[in-house]
Amino acid sequence: MFDLLRNPRALAARIVAVFALFWLAACQPGGMGNTGQRIDTSAPVKVALLVPAGSGNAGDETLAAQLRNAANMAIADLQGVKIDLQVYNTAGSPAQAAAMASKAVDEGAKIILGPVYAESANAAGLAVASRNVNVLAFSNVTSVAGGNVFVLGPTFENTANRLVSYAVRQGKRRIMVVHEQTTAGEIGAQAIQTAISRRGGALAGVASYPFSQQGLVDAMPQIAGRVKAGDIDAVFMTADTAGALPLLTQLMSEQGVNPQSTQYLGLTRWDIPPATLALPGVQGGWFAKPDPGLQAQFAARYQAAYGSAPLAIAGLGYDGIAAIGALVKSGNPNALTKQALTQRSGFVGVNGVFRLLPDGTNERGLAIAQVQNGQAVVIDPAPRSFGGAGY
57 MFDLLRNPRA LAARIVAVFA LFWLAACQPG GMGNTGQRID TSAPVKVALL VPAGSGNAGD
117 ETLAAQLRNA ANMAIADLQG VKIDLQVYNT AGSPAQAAAM ASKAVDEGAK IILGPVYAES
177 ANAAGLAVAS RNVNVLAFSN VTSVAGGNVF VLGPTFENTA NRLVSYAVRQ GKRRIMVVHE
237 QTTAGEIGAQ AIQTAISRRG GALAGVASYP FSQQGLVDAM PQIAGRVKAG DIDAVFMTAD
297 TAGALPLLTQ LMSEQGVNPQ STQYLGLTRW DIPPATLALP GVQGGWFAKP DPGLQAQFAA
357 RYQAAYGSAP LAIAGLGYDG IAAIGALVKS GNPNALTKQA LTQRSGFVGV NGVFRLLPDG
417 TNERGLAIAQ VQNGQAVVID PAPRSFGGAG Y
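Numbering (the numbering used here), first residue to last: 57 to 447.
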């Protein structure tokens, strides 16, 4: 989804783009038997930061600057750990990302933070896999995760697991999936169905609609009819604000679906942009979001330091350094190996707790918010550790 930032239309609403549904297929770097570089924890540890600067795209330049700034904030917060951060520009190009990853390792980098876009992350991972170097990419595209590549971005799987777990605990066990007929919609729907099967729910049906206004209008009578059949506790939607969500919820209401009796769940952030919260059709709906208190603290610190509000993805620059710093502080020369990176207790970032999983994906502690009178109200706080319910 972060790949959308390269699109001019997405740049105009880049906060929406960060949470839009967009996925790329790629070849995994996996199967290389990667463990990671040994380090001397008594000396500064060289970390390479790959950012999309140099592409000529204004969105890429903004993104690169913010990731750099956030990483430097994290370095300043580290105590007793020295990080030698070296920045490399990828121009948003997979070929250049691969070249810069190789150059970084040639120059002593023990781990790579970034790049952003899925194809670039895949290329960088492949370029250094045989050299036993791990890559913590800012992407959320799980198809590039695995081997020596980890993705730091929020994933559909993580969001679906959190929402389904909470819904089941609230007695909303029978869940219907409604998705658009796009690659993103299909991937999102699969993530939801997997979460339902693993988290104690029951799949009560799957419905889809063409990704067009008329297509949704034509499909709605059948979708609404299924929802009103009486054996569905919740409807889990993949739609986002930039896509079908406003019309979808409006048409559901016009077809007689009552969100007061059938719980709506959203795979995307319904508070981005904030105007979404005023939509009549989303009132009462649930969605997942990072810990709002911690997120606000980071935003305020960033604003004070750099004079502008951070994009949501900027926090990943901080998180990557925070994780690396915490591991290096242990004094273990194997601190940057795959085994260390995937420690079960995880790390604390600017948006809450998170951990990297052996398959290269991640799990983040998310809050559950409900839309109430045009506001996003947290009804289940984000966990502060991975020892609670659902973990």
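Don't read these hints as lab results, they were simulated from the structure. Check before you lean on any hint, since a few could be wrong.
[To be verified] Label-pair restraints from in silico Cβ distances:
{"no.": "1", "residue 1": "GLN311", "residue 2": "GLN399", "range": "17 to 25 Å"}
{"no.": "2", "residue 1": "PRO336", "residue 2": "PRO100", "range": "51 to 59 Å"}
{"no.": "3", "residue 1": "ASN388", "residue 2": "GLN316", "range": "51 to 59 Å"}
{"no.": "4", "residue 1": "GLN316", "residue 2": "GLY281", "range": "30 to 38 Å"}
{"no.": "5", "residue 1": "ALA331", "residue 2": "ASN390", "range": "16 to 24 Å"}
{"no.": "6", "residue 1": "GLY281", "residue 2": "GLY112", "range": "45 to 53 Å"}
[As the list claims (entries may be wrong)] Calculated cross-link-like contacts (lysine to any residue; reagent style SDA-like; alpha-carbon spacing at most 25 Å):
{"no.": "7", "residue 1": "LYS394", "residue 2": "SER441"}
{"no.": "8", "residue 1": "LYS394", "residue 2": "ILE131"}
{"no.": "9", "residue 1": "LYS102", "residue 2": "GLN319"}
{"no.": "10", "residue 1": "LYS385", "residue 2": "ALA365"}
{"no.": "11", "residue 1": "LYS284", "residue 2": "PRO329"}
{"no.": "12", "residue 1": "LYS394", "residue 2": "GLY202"}
{"no.": "13", "residue 1": "LYS385", "residue 2": "ALA396"}
{"no.": "14", "residue 1": "LYS385", "residue 2": "ASP133"}
{"no.": "15", "residue 1": "LYS385", "residue 2": "LEU134"}
{"no.": "16", "residue 1": "LYS102", "residue 2": "SER441"}
{"no.": "17", "residue 1": "LYS102", "residue 2": "ARG411"}
{"no.": "18", "residue 1": "LYS385", "residue 2": "SER98"}
{"no.": "19", "residue 1": "LYS385", "residue 2": "GLU163"}
{"no.": "20", "residue 1": "LYS102", "residue 2": "GLY387"}
{"no.": "21", "residue 1": "LYS394", "residue 2": "GLN142"}
{"no.": "22", "residue 1": "LYS385", "residue 2": "PRO414"}
{"no.": "23", "residue 1": "LYS394", "residue 2": "ASN188"}
{"no.": "24", "residue 1": "LYS394", "residue 2": "GLU117"}
{"no.": "25", "residue 1": "LYS102", "residue 2": "VAL404"}
{"no.": "26", "residue 1": "LYS284", "residue 2": "GLN319"}
{"no.": "27", "residue 1": "LYS138", "residue 2": "PRO150"}
{"no.": "28", "residue 1": "LYS159", "residue 2": "GLN135"}
{"no.": "29", "residue 1": "LYS102", "residue 2": "SER309"}
{"no.": "30", "residue 1": "LYS138", "residue 2": "LYS385"}
{"no.": "31", "residue 1": "LYS138", "residue 2": "ALA114"}
A virtual CB, placed ideally from N, CA and C, is assigned to each residue, including glycine.
Between the alpha carbons of LYS102 and SER309, is the straight-line distance 25 Å or under?
It is violated: about 56 Å lies between the C-alpha atoms, which goes past 25 Å.
In this structure, is the beta-carbon distance linking GLY281 and GLY112 contained in 45 to 53 Å?
Distance hint for GLY281, GLY112 holds at roughly 50 Å.
LYS385 and ASP133 were given as a pair; does the straight-line alpha-carbon distance stay at or below 25 Å?
13 Å, holds
Checking one constraint from the list: CA of LYS394 to CA of ILE131, max 25 Å. Satisfied?
Distance of about 22 Å is within 25 Å: holds.
Please verify whether LYS394 and GLN142 have alpha carbons no more than 25 Å apart.
22 Å, holds
Against the 25 Å threshold, does the CA-CA distance of LYS284 and PRO329 hold or violate the hint?
Judged against 25 Å, a Cα distance of about 30 Å means the pair is violated.
Is the gap between the beta carbons of GLN311 and GLN399 within 17 to 25 Å?
With a Cβ separation near 49 Å, GLN311 and GLN399 fall outside 17 to 25 Å, so the hint is violated.
Could you grab the alpha-carbon distance between LYS385 and SER98 and see if it respects the 25 Å cut-off?
9 Å, holds
Range hint compliance [Cβ, ASN388 to GLN316, 51 to 59 Å]
At roughly 53 Å between Cβ atoms, GLN316 and ASN388 fall inside 51 to 59 Å, so the hint holds.
Can the restraint linking LYS102 and GLN319 be considered satisfied, given a maximum Cα separation of 25 Å?
49 Å, violated
Given the hinted pair LYS102 and ARG411, is their Cα-Cα distance within 25 Å?
OK: LYS102 and ARG411 at ~22 Å, within 25 Å.
LYS385 paired with ALA365 [C-alpha distance capped at 25 Å]:
30 Å, violated
Hints 1, 4, 5, 9, 10, 11, 16, 24, 27, 28, 29 and 31 from the earlier list are contradicted by this structure; the remaining hints agree with it.
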